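There are 2 protein chains.
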Amino acid sequence: MFRRTSTLARGALLAAAVVITPITALGAAAAPQEGTAADRAPAAAGGSRTVQDPKESGDPNTSERVRDVVFAIHGGAGTLRREDMTPELEREYRAKLTEAVRTGQRALADGESGVAAVEAAINVLEDSPLFNAGKGAVFTTDAENELDAAIMDGATLDTGAVTGVTHIRNPISLAREMMENSRHVLMSGEGAERFAQHRGMDLVTQDYFFTERRWESLMAAKGGESDFDFGETGTVGAVGIDGNGDLAAGTSTGGLTNKPVGRIGDSPIVGAGTYAKNGNIAASATGTGELFIREAVTHTISAQVEYLGRSVSKAAGAAIDRTEVLGGDDTGGVIALDSRKNLAFTFNTSGMYRGYATADGEIVVKIFADE
Amino acid sequence: MFRRTSTLARGALLAAAVVITPITALGAAAAPQEGTAADRAPAAAGGSRTVQDPKESGDPNTSERVRDVVFAIHGGAGTLRREDMTPELEREYRAKLTEAVRTGQRALADGESGVAAVEAAINVLEDSPLFNAGKGAVFTTDAENELDAAIMDGATLDTGAVTGVTHIRNPISLAREMMENSRHVLMSGEGAERFAQHRGMDLVTQDYFFTERRWESLMAAKGGESDFDFGETGTVGAVGIDGNGDLAAGTSTGGLTNKPVGRIGDSPIVGAGTYAKNGNIAASATGTGELFIREAVTHTISAQVEYLGRSVSKAAGAAIDRTEVLGGDDTGGVIALDSRKNLAFTFNTSGMYRGYATADGEIVVKIFADE
Chain A
35 MFRRTSTLAR GALLAAAVVI TPITALGAAA APQEGTAADR APAAAGGSRT VQDPKESGDP
95 NTSERVRDVV FAIHGGAGTL RREDMTPELE REYRAKLTEA VRTGQRALAD GESGVAAVEA
155 AINVLEDSPL FNAGKGAVFT TDAENELDAA IMDGATLDTG AVTGVTHIRN PISLAREMME
215 NSRHVLMSGE GAERFAQHRG MDLVTQDYFF TERRWESLMA AKGGESDFDF GETGTVGAVG
275 IDGNGDLAAG TSTGGLTNKP VGRIGDSPIV GAGTYAKNGN IAASATGTGE LFIREAVTHT
335 ISAQVEYLGR SVSKAAGAAI DRTEVLGGDD TGGVIALDSR KNLAFTFNTS GMYRGYATAD
395 GEIVVKIFAD E
Chain B
35 MFRRTSTLAR GALLAAAVVI TPITALGAAA APQEGTAADR APAAAGGSRT VQDPKESGDP
95 NTSERVRDVV FAIHGGAGTL RREDMTPELE REYRAKLTEA VRTGQRALAD GESGVAAVEA
155 AINVLEDSPL FNAGKGAVFT TDAENELDAA IMDGATLDTG AVTGVTHIRN PISLAREMME
215 NSRHVLMSGE GAERFAQHRG MDLVTQDYFF TERRWESLMA AKGGESDFDF GETGTVGAVG
275 IDGNGDLAAG TSTGGLTNKP VGRIGDSPIV GAGTYAKNGN IAASATGTGE LFIREAVTHT
335 ISAQVEYLGR SVSKAAGAAI DRTEVLGGDD TGGVIALDSR KNLAFTFNTS GMYRGYATAD
395 GEIVVKIFAD E
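So the sequences go chain by chain: A and B.
Here my numbering is used: the first residue of the first sequence is 35, the next is one more, and so on.
Here my numbering is used: the first residue of the second sequence is 35, the next is one more, and so on.
Watch out, some of these pointers could steer you wrong.
Derived coverage of chain B by chain A (criterion: at least 3 residues anywhere in the stretch with Cβ under 8 Å from a Cβ of chain A; other residues may be distant) [said to hold, decoys possible]:
hint: 1; region: 184-195
hint: 2; region: 299-313
hint: 3; region: 324-337
Source of the hints: derived by calculation from the structure; they are not laboratory data.
Everything numeric in this text was worked out from a predicted model, so none of it was measured.
By construction, the Cβ of each residue, glycine as well, lies at the ideal position given by its N, Cα and C atoms.
I would like the entire structure built from these sequences, with the hints used as guidance.
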C-alpha cells in the first residue's frame with residue numbers, strides 16, 4: 035500500500051494521460067507500445083580485436099566479433115538515439131556498464147566460477163535504476179513490477195529460472211539459488227518467492243521498484259504514445275568463461291512496459307533468452323521475447339555451433355535473422371561467447387548497451403550501433 | 035471452499051499418511067516422489083509399418099518408427115507394469131487413447147488444420163480422469179491443481195502456452211486462444227485466466243479437478259511412499275500433419291504429484307516439451323520436465339533433423355539419450371512426426387500411453403514397451 039500511495043501522488047502529475055483499464059482486460063494481451071524504428075547507422079570498423087560485419091542479406095545487423103573475451107554483458111537492445119540521451123545520462127550508462135563488466139571480470143580474476151561472475155555483474159545492473167531489471171524494472175498494465183530471470187551453468191547444464199516474481203530485489207540471485215538448491219529449474223510467482231523465503235533470502239515490497247521514469251513510460255503507454263525512447267530497452271544479461279573453461283550465462287528483466295499481468299518473455303526460458311553449454315556457447319538475448327521464444331534463439335545458436343560447426347558470430351547472426359523473418363526489423367539482439375573466447379554482439383536495433391572484458395583485463399563498453 | 039470440504043472429508047480416510055507441511059516450505063522444491071524403476075522388456079518386432087530398435091548404447095530405449103502417420107498422441111511415459119493394472123483399467127485406457135486418436139484423425143479427414151486436430155484430441159484426454167491433464171490433473175504440495183499447456187503451429191511458428199492455471203478446464207484450448215488472439219505466447223496463472231475471461235471462456239472451480247486417485251497419490255507422496263504406479267505419468271500430447279502438409283504439436287499436463295506451488299515443467303516451454311516447425315518435425319515430450327528443459331529436447335530433435343539431416347527417429351533417440359546423461363534411467367519419452375509422415379515413439383520407461391493413425395485410417399494404440 036505504501037507504493038500505491040506514493041505512485042498515485044506522482045501519477046497525479048500525469049493524470050491526463052491515464053486510460054482507465056477494465057480489470058477484465060488486464061490479461062487481455064493488449065499490444066504494448068514499442069519504440070519507433072530509428073535510422074540505423076552503418077557499421078563502422080572497430081578496434082584491433084573487433085570486426086564488424088554487415089548482414090549477409092536484407093537490412094544490416096550490427097554484428098561485432100571480438101576475440102579473447104572472458105566476460106561480456108548487455109543492458110538491452112532497442113531504439114537508442116544519441117539525440118534522445120543527454121551527455122550526463124550517457125555518462126551514467128557507460129559508468130554503470132563499466133562497473134558491471136569490471137565486477138564480472140574481477141570475479142573471474144579472483145578464481146570465481148563463471149556462474150558467480152555472471153550473477154555478480156547482473157546484480158550491479160539489477161541494482162541500478164538505469165536498466166529494466168531489478169530496481170529499474172518497467173511496470174505491467176496493472177502498475178506492478180513482475181520480474182523474470184534465468185542463469186545456466188554450461189559445465190553441467192544446471193539452470194535455475196524464475197518468472198513473475200514481485201518481491202525479489204535480485205531475481206538472478208534467486209535463479210542461482212534455485213539452480214543450486216532445488217531439483218526444479220523454473221518456478222513462477224508466489225511459489226518462487228516461497229522458495230526464496232525458505233532459502234533465507236530477504237524480500238522487498240513493490241515500492242522498492244518504483245521509479246519516476248518507468249511510471250511515466252507506463253502512463254505514456256496507456257495514453258497511446260508510441261515512442262518510449264528507452265522504455266522498452268534494458269533487459270540485462272551476462273556471459274562468461276572461467277578458469278576451468280566453464281561457460282555461464284544469465285539474463286534478468288522487468289519485461290515490457292504495460293505488459294499484461296502474467297506475460298512471460300524469453301529471458302527466463304532456457305534455450306530462448308538464456309543458454310550455456312560447454313563446448314558450444316553461452317548466450318543471453320534481449321528483444322521482442324515472443325519472437326525469441328518461437329525461434330529458440332540461444333539454443334539455435336548453440337545447435338548451429340554444435341551441428342554445423344559455425345562460428346558463434348555467424349550462428350548469432352542467423353538466429354537474429356530468423357526473428358526478423360517472423361517479426362520484422364528491430365527485434366533485438368544477443369550476446370554469445372564460445373569456448374575459445376570468441377564473442378559475438380549481434381543486434382538489429384539502433385543500439386545495444388554492451389560491454390566486455392578481455393583475458394588481459396581490457397574493458398570496453400558501447401551503446402550505439404555505429405561505435 | 036467447496037472443494038476443500040469435499041477433499042478433506044475424503045482425505046480423512048487417509049489421515050494417517052498426511053504429513054503437515056509448514057507453509058514456508060511449500061515452495062521449497064521438495065523432491066516429489068517418483069515411481070521406482072521397473073524391469074524393461076526387450077523391444078519386440080512390431081507390425082508391418084513399425085520397426086523397433088534397441089538403443090545404440092547403454093540401456094535400451096524403446097524406439098518405435100512408423101511410416102505414413104498423420105496423427106499421433108501420448109498419454110505420458112512412466113513405470114507402467116501389467117501387474118499394476120487391472121484388465122478393466124487397461125481397457126479404459128485403450129478405449130480413451132483410441133477415442134483421442136480417432137478424434138484427431140477425423141478432424142484431419144474433415145479438412146481441419148493440424149492445430150485443430152491436436153487441440154481436439156488433447157481435449158478428449160484432458161476431459162478424462164485417466165490422464166494427468168485437465169480433469170485428471172495431479173495435486174501440488176498445497177493440494178491444488180496447477181495446469182500447463184502449449185500448442186504450436188509448424189507453418190508459422192505461432193505458439194501459445196499457459197502455465198500455472200487453476201481454473202481452466204481445457205488448458206490446451208486456452209493455449210490455442212492465446213496463439214491466435216494475442217501477441218504474447220506464454221502467460222502464467224491469474225494473468226492467463228484473465229485473458230481466458232476476456233476471450234469469453236468459461237472458468238471452472240478447483241473442485242472440478244478433484245479425483246480420489248490423484249488425492250491418494252498426494253497423500254502417499256506426503257506419507258513418504260515412493261511407488262506411485264501411475265502417479266507420475268499422464269502428461270498428454272499430440273502431433274499431426276494436415277492436408278496442407280502443416281505440422282502441429284501440443285502438450286497438456288498437471289505436472290508432478292506434490293510439486294511445489296509455481297513449479298513449471300517442460301510441457302509449456304517451446305523447444306522443451308513442445309515444438310513444431312514445417313520441414314522439420316512436430317514433437318511433444320513427457321517425463322522429468324527439468325531434464326527436458328535443460329536439454330531443450332524437442333528443439334534438439336528439430337535442430338538435428340534440420341542441421342544434421344538425421345531421421346526423426348534417430349534424432350528423438352539422441353535427445354532422450356541426452357536426458358539420461360543428465361538424469362539417469364527412466365527420464366521419459368517423446369513423440370515426433372516429420373514432414374514425410376515418419377513417426378517416432380521414443381521412451382526409456384517401461385511404458386508410454388500412445389497411439390497413432392495412418393493416412394489410410396488405421397488406428398493403433400499401445401501402452402507397454404514390449405507391445
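Hints and how they fare:
no., hint, in the structure
1, 184-195, "holds (count 3)"
2, 299-313, "holds (count 6)"
3, 324-337, "holds (count 8)"
Against the hints set out earlier in the document, no violation occurs for any number.
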